[in-house]
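Novice: So the protein lines, in turn, are chains A and B.
Convert by adding 2 to the 1-based position in the first sequence; the result is the number in my numbering.
Convert by adding 3 to the 1-based position in the second sequence; the result is the number in my numbering.
Source of the hints: derived by calculation from the structure; they are not laboratory data.
What you are looking at is a predicted structure, and each value in this text was computed from that prediction instead of being measured.
Glycine is no exception: its CB is placed at the ideal position from the N, C-alpha and C atoms.
Wrong hints could be hidden among the right ones.
Computed, partial: chain A to chain B, Cβ under 7 Å [as the list claims (entries may be wrong)]:
1. 43
2. 45
3. 57
4. 64
Negatives, chain A to chain B, calculated, CB over 10 Å [what the hints assert, rightly or not]:
5. 202
6. 298
7. 322
Chain by chain, the residues:
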Amino acid sequence: MKIAVLDSQTVLSPRRDGLLAGRLCEALAEHGHSAALIRIPFSERSPQTVVDQMLAVRLLHLHNVDRVVGLGFPAYLIPHGEKVVWMLREFREAYDRWGTAGQGLPNTPLGRSVRASVLAADQEYLGEAQRIYVRSSGAGRRLTDYTGLQSQVLHPPLRDPGAFRCDSYGDYVLALGPVGADSCGRAAVEAIALAQSAARLVIAGSPERRDDVAALRDLAERLGVADRVELIAHDIAEAERVRLLAACRAVLCFGDPDGRLTQEACQSHKATLAFAPECALAALIDDGVTGAIVSSIAGLGLAIDALSDDAATAERYGDAAFDRLARSEISWSTVVAELTK
Amino acid sequence: MRVVVASTFVPFIEGGSQMIVTDLVDALRLREHEVDTVAIPTISHWDVLLEEALAMRLLEVGHGSDVLIAIRPPSYVLRHPNKRLWFIHHHRGAYDLWGTQWQDFPPGPDGVAMRDAVHRFDDLYLAESKRIFTNSQTVADRLASFNGVDADVLYPPLGHPERFYWSAPEDYVFYPCRITSHKRQRLAVEAAGHLETDARVVIAGVPEHPGELAALTSLIAERGLERRVTLMPRWISESEKAELTARSLAVLYLPFDEDSYGYVSLEASHARKAIITCSDSGGALELVRDGDNGLVVDPDPVSLAAAIDRLAADPQLATSLGARAHQVLAEKDITWDRVVDSLTS
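Whole structure, please, built from the sequences with the hints as guidance.
Specialist: So, in structure tokens, the structure goes:
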């Protein structure tokens, strides 16, 4: 089958957003299809051009293609009779970011009209697709809430699972992702303070706001755990991410919208300690076998203690987590089978 | 410099324009420019030309870049304050091919209206460009006569000239090119029927349509030319092409009225091989001069066969024409340094 993978493109941006699309094309080719990656530029810079850019995509035509797989807004709006959408990047400003502190569209007549147009276009033109897949159950619920469209969950596998490894079960638990002082970072520091063991905490990722790092340091100081909390407050390169995962005792998960972090933990033979089921890829977490799902900071402290007191338990959980992922349906073969059926 | 190279393409069809984009991006990166590519799919059917141009106009690609280099139509419709064009062809059905069998607009008022619209948006958006270069004098002349636009010629070099080399000529002339009617592989096959020396013809390339391959195959069979003509109707790797070029007596490039000199002639020149082309081949004539770096023949089988026979009977002539072909590259300064300087300065 000749398959065009349609993704959005941020021109001259070093962001990682095209990588999964490239991996999908490789997977399609590995399964005997001809795949072409087509990236349509999209800039969020000025709200008044968002609708123009949606219109641009609707004015394009694709011939000589048996199937279109749409991944990102607005590229996934392209007209084609054989279209399947795997919604990896919707325009969140029109969805759940509207009305939040980080809202990017202005709450003006223009902003409101752009938002309404995006939701209407998604409803109408995603509705043309034969099937819609989403990357997580949360994304599926959101799509239904805002547009009424139904979808199926298709978890994006890791691009390169073989890159992850397990070196040891070191003396730290790892919290990866944007470093934020309000929720995740705070909960992680508070949990380590409640833990009775000597476990250390490593928080790694770029800070969400400028003063987040100082706020977290203050908090650790006040709780008397400054010497047990390490902040790596910058964007983590792939190799460093692999290394941190390879040597940690376990992974703390406060949010994993596309399931990447949980899969990386499993692939590194590490247990995932999830703060509420929706915080991780729950299908991979069997409480007490491959990790733990807790509902309070105190519970998280206890879960950290259980694994830091006994490296053998951490290893047993980690091995079970690895097996769970290997036996799961999360794989590029599954993705190809779904998108081409 | 932060550079955006923009073009259009048809998915799953490899074309020369994609090669220009890839090679240009490599050349820019090698000279430490920060580069991104914008490649928009188009179908270029007459009835959607306005929609596709409007789509280009509505896209946002310019922010954060110092220069936008537009290649294939209608990418020059994209908005950018510092737009440079490396213009490789018009939508030719609306211009020089209008009124010929290749006019891809219907006769009647709808076709005329759309043709006029194409002319208007070309005039409008070509005028926005800071500099316009073309890949050949032929295309520059068309821009001058149809759109009143001045353009400089910037010949596209090969991406990897070092792959091509010379070795002692054998008994065949080589025509490596996509197999399609206007490249006239048929003419090469017909010429093989008139050869008086032992020379052979080797044709290699991907057939654009199964019908074109079938026509060639049956022509070879009808005229009993199986031993004279070797047909390789498939994609050949760069190294295979380089080897077949190196061992050839000369290289054929026989398109009808092509815009540019064609990569085939350039590859031959790098391999120090003479080029045989036709007096109506278009851009190839900007590179090939009869008796200097190749032979220019009338587009008929007898004339072509005579030229092949001439080189087969006089391999020294083939060698000296080939040596000149290599010199002509330097004389015309067909280099990436020149291209990058022109497009970014």
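Novice: Flag every earlier hint the structure violates by its number, smallest first.
Specialist: Going through the list in order, the structure violates no hint and respects every one.
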